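S.K.: Protein sequence lines correspond, in order, to chains Z and F. Per our numbering, the first sequence runs over residues 1 to 113. Per our numbering, the second sequence runs over residues 114 to 229.
If you're looking for bench data, these hints aren't it; they were derived computationally from the structure. All figures in this text were calculated on a predicted structure; none of them were measured in a lab. One should not assume that every hint holds.
[Said to hold, decoys possible] Here are the simulated lysine-lysine pairs, BS3-like style, with alpha carbons at most 30 Å apart:
(1) Lys170(F) / Lys56(Z)
(2) Lys183(F) / Lys116(F)
(3) Lys112(Z) / Lys68(Z)
(4) Lys184(F) / Lys56(Z)
(5) Lys170(F) / Lys108(Z)
(6) Lys116(F) / Lys108(Z)
(7) Lys56(Z) / Lys116(F)
(8) Lys36(Z) / Lys116(F)
(9) Lys170(F) / Lys70(Z)
(10) Lys36(Z) / Lys184(F)
[Said to hold, decoys possible] Here are the simulated distance ranges between beta carbons:
(11) His71(Z) / Leu229(F): 39 to 45 Å
(12) Lys183(F) / Asn66(Z): 40 to 46 Å
(13) Asp54(Z) / Gly129(F): 49 to 55 Å
(14) Gly40(Z) / Glu169(F): 28 to 34 Å
(15) Gly40(Z) / Thr128(F): 23 to 29 Å
(16) Lys116(F) / Leu61(Z): 20 to 26 Å
(17) Gln57(Z) / Lys131(F): 48 to 54 Å
(18) Phe133(F) / Leu61(Z): 25 to 31 Å
(19) Gly176(F) / Asp69(Z): 20 to 26 Å
Ideal placement from N, C-alpha and C gives every residue a C-beta, glycine not left out.
Read off the chains here:
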Amino acid sequence: GEDVEQSLFLSVREGDSSVINCTYTDSSSTYLYWYKQEPGAGLQLLTYIFSNMDMKQDQRLTVLLNKKDKHLSLRIADTQTGDSAIYFCAEPVWGGSQGNLIFGKGTKLSVKP
Amino acid sequence: DVKVTQSSRYLVKRTGEKVFLECVQDMDHENMFWYRQDPGLGLRLIYFSYDVKMKEKGDIPEGYSVSREKKERFSLILESASTNQTSMYLCASSRAGGGTNTGELFFGEGSRLTVL
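In isolation and in its complexed conformation, chain F is listed as follows:
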């Protein structure tokens, strides 16, 4: 079964801490994404990557950075966590575009982060 795995389902951190959210996919997908989901705001794209060592800013990149050293792994980093970063974080992956690709996104189960 294809899978996107987010290492932590629930985290509680303190303001100012550095936070790493890890995501691994086993589908050999080229593209990986990080979203945050908040009530009433839906999903908002933070960063995405179409290749190893490549990253692109999404709609709300401020306060976040990412790392993609290997194809299967995409990490989201909060350099100094703040209370307004309390949210559900969703990782997703997809195949490269073109051909018969339907552009489907495969999601992980989510990481719920609380910053106190």
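Here chain Z stands alone, though its shape is the one from the complex:
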């Protein structure tokens, strides 16, 4: 079956860069997504990347996409304590754009002051 894989935990010091990695399964996926979940809340879209791009930068966030290896990463520069959350990688079911997504189990990012 389909499975999106990501490590479960990451701990960094405030001010360092964080890199969260993900492997996905469907090479035909049109978009790939990163969602953020703060404690006690739902998920919010953090950023996404279109499959014909290798990289997308948005302020402190950089997304890298390696389609050959089906590898997606999220880099957070100058990580702050407010970045502590669970980060989910997601890809569409059957590569489509209906919003039916498969999620990884989430990476819990802990930022130490």
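Put chain F on the given structure of chain Z with help from the hints.
M.R.: Then chain F, alone, in the frame of chain Z:
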């Protein structure tokens, strides 16, 4: 501001009770979803709907049913709650596919259900 609203943030129910979890979105989205989230298991899809009165089973539909009588409202029903249904339930919505749609899912804040 666009919104997906789940009516109850916290519920405590007893085994065997019928439980309704309500979700309303104000974005005129065609698609709505119910997930449950458990530690170590991530998000698992229970049911989804691409149109009014339409429903499709997700990965773990057993013990659940849904209702979509109006476009903006998608209800999750536990006919007879059991302790293994203690979980965080997340509702989400999205636009229909195609065109310039990026397929983004918009989530509610979640409903934490405890079944005793």
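S.K.: Identify every previously stated hint that the structure contradicts and give their numbers, smallest first.
M.R.: Those not satisfied are hints 1, 3, 4, 18, 19.
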